[in-house]
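Engineer: Those sequence lines, one after another, are chains S and H. No gaps in the numbering here: position 163 of the first sequence is 163 in this note's numbering, and each next residue is one more. No gaps in the numbering here: position 449 of the second sequence is 449 in this note's numbering, and each next residue is one more.
Here are the simulated DSS-like pairs of lysine-lysine, each with C-alpha atoms no more than 25 Å apart in a straight line:
1) S/Lys60 x S/Lys188
2) H/Lys348 x S/Lys167
3) H/Lys120 x H/Lys130
4) S/Lys167 x H/Lys317
5) H/Lys120 x S/Lys136
6) H/Lys279 x S/Lys111
7) H/Lys410 x H/Lys317
8) H/Lys289 x H/Lys434
9) H/Lys449 x H/Lys434
10) S/Lys167 x H/Lys410
11) H/Lys385 x H/Lys434
12) H/Lys682 x H/Lys695
13) H/Lys697 x H/Lys672
14) S/Lys188 x S/Lys86
15) S/Lys86 x S/Lys60
Note that these hints are calculated values from the structure, not bench results. All values reported here derive from a predicted model rather than from experimental measurement.
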Amino acid sequence: MRWERVLSGTSVVMLLAASVSGQTREESSVSGQTRGESRASGQTRDIDGRPLAPFAPAGKANVILFVQTDCPISNSYAPEIQRVCKAYAAKGISCSLAYEDVRVDASGVRKHLSEYAYNGVAATIDGSRALADRAKATITPQAVVVDARGAIRYRGRIDNFYSSLGKPRQHVTEHDLTDALDAILAGKPVPKPETEALGCFIARPLDSARGRQPKR
Amino acid sequence: MRTPTIVVGLAAAVFVIGFLARGEAPVQAQNARPGAAAVTFTETIAPIVYDNCVSCHRPGEAAPFSLISYDDVRNRGPLIAAVTQRRYMPPWQATHGYGEFADERRLTDAQIQAIATWVKGGMPEGDRSKMPAMPKFTTGWRLGTPDLVLEMPTEFEVPASGPDIFRNFVIPSGLLEDKWVRAVEFRPRARTVVHHALFAYVRAGAYAKIDGADGQPGFRGLAPIGANPAIAPAGPLGGWAVGATPRFLPEGLALPMSRGSDFVIQMHFHPTGKVEREKSTVGIYFADKAPDRMLRVLQLPGLFGIGQGIDIPPGEKNYVISRSATLPVDVRIFLTQPHAHYLGKEFKATATLPDGTERPLLWIQDWDFNWQDGYNYKQPVILPKGTRIDVRITYDNSASNPRNPSNPPKRVWWGEESTDEMGSVSFGLIPVRKEDEPQWAEFAGQQLKGTLLAAGQNGTLQRLALSQGLQLPAAGRGGLAALLGRGGRGAAAPSSAPAAGSGAASEAAGPTLPAQVMADLFSGLGGNAGALQRGLDATASILAANPSHAQALAWHGAATLYYSSTNPDLAALDRIGLFQRATKEMDSAVGIAPDDVRVRMARGVVLRMLTPTMPRFGNVPGLIENARADYQRMFDLQQGQLGTLSSHSLGELLQGLAELNSRQGKTADAEKYYGMIPSMLKGTDYAARAAEWMKTKQPLPQAQTNCVGCHVN
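Only chain S is shown next, with the shape it has when bound in the complex:
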């Protein structure tokens, strides 16, 4: 199972943080199994410095959308991301954008938000990859849905517009993200809790030792 493999690779740091914080709680993972996960690392701040808790939604669920300013696939999804966020806001589902650029600051994100006409969606810079690691996101764009209990209910593509890299469809035929949201709203299991996202890989943060990748 791919999911098993991902879980087994969970960062030592994260496990450590979880055990130290003592806030480990049972969560229903996307595979339907229960796993201990920390909520301690879920807190962050948006680009204006306000606290943001993407893993603790105030409403029925929160969609964390992992994006990059210079990933063409991520950018091409900007209109669809906004359509989904707007449509589901009224139903009690919020959205947050997590910027996974290697280098971007708040003004760069603001510029990007304005160019792509984002409006009213919380945005944070995930420079340390804490959110990506916690959500186990590896690609932009990728959607991770956290329900009111803090459980990750969906992780994967927004829809199947891209059949493979460089091979967009003329027609979207599977709307995986909104299917997941509809299921959560209906109190049902998410039909496909995990799908493969296509796009740009999330690079590890820059470190001082050039030429060496920091360990995950």
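We have chain S; now place chain H onto it with these hints.
Structural biologist: Relative to chain S, chain H alone:
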């Protein structure tokens, strides 16, 4: 003659792109050393990236991100490894080794392996002193100062999302004399959103009526610009695609451009997620004098496949067209360019020399409409007289083709829209000897004639002529009129109607349609759109397995005709195309099984129902005669058993036959059949109508001739 002008323009329209713009040259990279202990950025990866990627992946260019520094490349490392492994990058569609092309954008297997190894090994930078120098790129015009610079008068706004846009922009050239064009250099401003562009010149003001008519600059569509005799003088001037570098035509060749003409750019935009505003500039380079030789084009199949009768059933995964030609003289081929729309999948072009030797010319295995490249041969390909060139193109119209523009897939014909298809491989060449030019011209004329004949026979030419605003030639005006005059054939007796594939089998009725399909078809003709669609689908799938299933063919045609006549949303051209297809199918079915009552019924009923409201297009009297003949045949076939028919069947048969005769002014025949109704169908609506007719013996209004008791299910 107007049509050959269309054709000559068309033939060259898209294809010259390859001459005036071709791929940036990625030169030899260092030999990668996959087995070596450490693959580093500075020693191994940077040279590969600099030679193959940064011409586009640098600031201000079309590619989405830069790959200039170590950090740039390292951050994209896994992505680069993935896309190079798949050979999606660098973009190059031609199969390596099948034709030797200049400027091939391709990494060697060793280079791809080196990238993979480097990424796996943690992407070390290595010794910075070994970092190669960044390649020098020309800023500004790459071919030097142009002789003429033209800019779009206003910017065009490309929305953030939605389907790809095909849009034409008109710029007055202001040329005071006729010129010869050696090259066109294209400079888009919103580089990430422009995918490819084609250029042409047209008579000044030729597009004035449609330019800006929808409130935005330019006009929509994929029509072959510069290829319409109504806008002559006009002609193609090459093109540009992402990643291409402008080039002069080889060997002093040049393309004409008329004084006072308008320059037209046809652009393909690919929305990026944010609103973009495009205002392109072009630089045009002129020759001092008219060139000594003309560039010749051999296109197979000709005219982008107009004569192939492209008709791809929905769901078809492997639809094939092919065409061959034998060279009349020795030629030098400079380049080749394939063309298809979104369903195109595989292109293969091979030359077989008179001695049997094969020369590969082009092979694309996974065609991508988004990378419209021309391919220049490294050395001109010299082929002797008598060489046969074979071209084979396949299409995938299944739902599993992610590029299929229709969901669910629909039947696809030849046409200019992105949802239609075309297919051809063009070769830019000259005869080796100048004295062979007349022979080449003769050969090209023959090719053209053959293509046109075929296009006329399959109805495509008529659609094209209409789409370009041409009047249909009057009947009886010679060659072209004969091709287009399909109404005349419609008027012929059913026995001479073209049979699909087989000689007319007049005795036995063929296989019969299932009862449920018949029920759907009847209900569909009664106005139930869902049932009509089910009937269409069912008959189409039967035909996919058995193309000469006469009942399926007849009813598919009847349902298509009903659909084309009653659907208000159809564009005029589509309506005409469907009309032609439908009547052809019904005529073919009658040819296959003239004595099958259900085959006759399909054509007779739908023509009787629809002819009263048909516009005077084609040959309506011929259609009425076909309907009458069908009813007469049904009557004759069932004459001995009229008493066993239901009153509905009998009533429809007699009323139909009587009414059609009346419409044709054959009052005596009409009276004969109306006269049978009162006794055989006493007390029915049919009897009341017959009595009504007897009063005047003139055709009754349609409300009194339509089907009695036909309901929408």
